[in-house]
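S.K.: These protein sequence lines are chains V and D, in that order.
Sequential numbering from 1 applies to the first sequence in our numbering.
Sequential numbering from 1 applies to the second sequence in our numbering.
Hint data in this document are derived by calculation from the structure and do not stem from the laboratory.
Just so you know, nobody snuck in bad clues.
Identical copies go unnamed one by one, so any copy, or any two together, can satisfy a pair.
Straight-line C-alpha distance at most 20 Å; calculated DMTMM-like pairs for lysine to aspartate or glutamate:
| # | residue 1 | residue 2 |
| --- | --- | --- |
| 1 | Lys71 | Asp60 |
| 2 | Lys167 | Asp139 |
| 3 | Lys344 | Glu158 |
| 4 | Lys71 | Asp30 |
| 5 | Lys344 | Asp253 |
There are 2 protein chains.
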Amino acid sequence: MSHRIVNLTVRDVRFPTSDEHHGSDAMHTDPDYSTAYVVLEADSGLKGFGITFTLGRGTDIVVCAVEALAKLVVGKSLQEIVGDFRGFYRLLTSDGQMRWLGPEKGVIHLATAAVLNAVWDLWARAEGKPLWKLLVDMDPKQIVSCIDFRYITDALTEEEALDILVKAKEGKQLREEQMLKQGYPAYTTSCAWLGYSDEKLRELCTEALKNGWTKFKVKVGADLEDDIRRCRLIRQMIGPENTLMIDANQRWDVAEAISWVTRLAEFKPLWIEEPTCPDDILGHAAIAKALAPHGIGVATGEQCHNRVMFKQLLQASALQFVQIDSCRVGSVNENLAVMLMAHKFQVPVCPHAGGVGLCELVQHLILYDYICISASLSSRMCEYVDHLHEHFTSPVVIGDAHYMPPTDPGYSCEMLESSVQLYQYPGGDVWKHKSKK
Amino acid sequence: MSHRIVNLTVRDVRFPTSDEHHGSDAMHTDPDYSTAYVVLEADSGLKGFGITFTLGRGTDIVVCAVEALAKLVVGKSLQEIVGDFRGFYRLLTSDGQMRWLGPEKGVIHLATAAVLNAVWDLWARAEGKPLWKLLVDMDPKQIVSCIDFRYITDALTEEEALDILVKAKEGKQLREEQMLKQGYPAYTTSCAWLGYSDEKLRELCTEALKNGWTKFKVKVGADLEDDIRRCRLIRQMIGPENTLMIDANQRWDVAEAISWVTRLAEFKPLWIEEPTCPDDILGHAAIAKALAPHGIGVATGEQCHNRVMFKQLLQASALQFVQIDSCRVGSVNENLAVMLMAHKFQVPVCPHAGGVGLCELVQHLILYDYICISASLSSRMCEYVDHLHEHFTSPVVIGDAHYMPPTDPGYSCEMLESSVQLYQYPGGDVWKHKSKK
Chain V
1 MSHRIVNLTV RDVRFPTSDE HHGSDAMHTD PDYSTAYVVL EADSGLKGFG
51 ITFTLGRGTD IVVCAVEALA KLVVGKSLQE IVGDFRGFYR LLTSDGQMRW
101 LGPEKGVIHL ATAAVLNAVW DLWARAEGKP LWKLLVDMDP KQIVSCIDFR
151 YITDALTEEE ALDILVKAKE GKQLREEQML KQGYPAYTTS CAWLGYSDEK
201 LRELCTEALK NGWTKFKVKV GADLEDDIRR CRLIRQMIGP ENTLMIDANQ
251 RWDVAEAISW VTRLAEFKPL WIEEPTCPDD ILGHAAIAKA LAPHGIGVAT
301 GEQCHNRVMF KQLLQASALQ FVQIDSCRVG SVNENLAVML MAHKFQVPVC
351 PHAGGVGLCE LVQHLILYDY ICISASLSSR MCEYVDHLHE HFTSPVVIGD
401 AHYMPPTDPG YSCEMLESSV QLYQYPGGDV WKHKSKK
Chain D
1 MSHRIVNLTV RDVRFPTSDE HHGSDAMHTD PDYSTAYVVL EADSGLKGFG
51 ITFTLGRGTD IVVCAVEALA KLVVGKSLQE IVGDFRGFYR LLTSDGQMRW
101 LGPEKGVIHL ATAAVLNAVW DLWARAEGKP LWKLLVDMDP KQIVSCIDFR
151 YITDALTEEE ALDILVKAKE GKQLREEQML KQGYPAYTTS CAWLGYSDEK
201 LRELCTEALK NGWTKFKVKV GADLEDDIRR CRLIRQMIGP ENTLMIDANQ
251 RWDVAEAISW VTRLAEFKPL WIEEPTCPDD ILGHAAIAKA LAPHGIGVAT
301 GEQCHNRVMF KQLLQASALQ FVQIDSCRVG SVNENLAVML MAHKFQVPVC
351 PHAGGVGLCE LVQHLILYDY ICISASLSSR MCEYVDHLHE HFTSPVVIGD
401 AHYMPPTDPG YSCEMLESSV QLYQYPGGDV WKHKSKK
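Pulled out of the complex, with its shape left as it was, chain V reads as follows:
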């Protein structure tokens, strides 16, 4: 059956999360978790849903960018697109006029992610499979045909990528069954946002421990004495056996990152996340080198803007945990490149999630990583934040602190139409009743 895309709509949907300090960190004190929400309609009646994630103000700019890309999508059939997915990817990312606005970074790349996420959703629905299963069932050759290797061949060639995938076929079936039974290990960031009081932190932590969580992330970076108090508190709550990670959200310069985190070393964090500017590859390398003697790794990626930046972070040994994001880079296509490079450099992938919809999306990618690329769970886990899942038609399912593989066809980012209308900015009821932010 043919599916020709005949329409693309995009809406600005914002949730007023800043009211409760959800998601607050050292650099983003008042985020309103938001999405540019894309719906593709095919002449067959099938729809594809895609999002990119934003923090509120500026979502309208991403919407504007999606509208500019729409011209390159509408009129094409799904078969045409996926038959030459690398070519289609490059059509979107390398338009001779629009690439000046990036290339492959910032607003234009966030918009690309939203559009391509919708295309992948459409494809998975057309095949009647959840996205992760569509990927798992694809031939290695077809997988690599989706990847644009431009600018990364000095780190990973198409032949090497193919070789990795062919080798990982061994045991694939068993790993798929294991995932269906046990799910993929998760950690929680819900307990310790920077805006939360100690009392709330204590309460959420107790609850999380009761629910089987063993890995916890704390936001740091605004005030050192505060961080010491909060890290001590949470380490006392979770005990020495459980895992603690800390996240500074880009707050520091290089030297400051090293001295600050050294002061927190006594709490034995597994990693420091985003210690400095996401663009600073050499800075991350310096920080990683300085913190290695303390047994603290560097994690980054949620604002790493494309595969070329990930390539260099890996080449420079600048990170010990690769945090892919489902909406920052060019959708599944570019994340496949990143996961394959991470495997070549033997660095574990621990996805960024949370926000709105990021958990729903990225679970598919990390399932594929385990089943078909890394074949390992060592030092691996996927972020989880317990917010806003109620707005999705197929919300994530967490069982005993594990992501349970989605079973509905698609990429899990279709939102309830009632939610979209209620939270649409600025016309939805939720926003009409608030003073404009």
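Fit chain D to the known structure of chain V by using the hints.
M.R.: Chain D only, in chain V's frame:
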């Protein structure tokens, strides 16, 4: 006199340069040189004009981003802004919600450049000076107070920056007089766009030599045999004494860049510009290392998206020529940081220009670099392209292949209102009479 900004307008202005292959290169085959054109109005009646440069499609997205930033500008007085210019810079670049769209890169940063360029123009007009002279007359302390040192203190601290400026006070007066008399050396890119025929290239080159040009840049990267023919032709035309540069506009992967440029080494290019992805610091470093034995340097910067990327290019010895751009990074403020870092690393600044308005703007920056920072003309020159100057109220003045310092107050990017109206997209007469692109 007070100048409170009471209005900001932004318009999408596009010139159909692709009709004549002007500006065509290996990655941008059909650019329509365009601007998001910002006008600030103060309650005093004074106006400030600013632009960012784009290639046509997508300019509307930048316009949308400027409109989002407008809220942070309108209502503020010029005195408030320049009294804490670092704070104002950070207000625009680090908004807790909008920084997710960058941070400090892509569409949102291009928009920041347009707005800040207009603020600097307003300031220079308020002082009755051309921008370069406003800068030259500023106290070193005031200059550094305009710079956001976040994320670059591992390469350049505020104290080091101040020290550079204080030391360069010696001979400043003489250098200013020298510039007023002789102008700043320029090179031309007008002769050898990729879309031009050999005949046109020969013709333009003859004309340029007659007009005193001694430094020439050729676009390469689409076809090796073609490049060899074109480089041979232009080297024959200009002789062994004149300078040849080549520019690949990001066409190659790392290994390909090295092998391709090695094949062109016989034509003795001074530099290879943008050999690969602008984000690839380590890639540029590898290319620079491989080409050093051939006496060919690496030049890049027109798509280097912020000071953190320039910092790393310098730290990694990845470039031998720093090509600042007046519209890619955060206006004068961020370019000051880049020029000061380049001086610390002893790498010459050779600005990117051309497009529309880039020559008008960047001449001010390079004059400041010579008079107050580098105090050297060795291996230094500013790009010049002979297009679209007729649309500006104070177009560049070239004398004997040198930029002659502007004398009109401001930052030289006010456009003729008749041109803005004629070329406004999509409503201007020029576009109404064309089929939409």
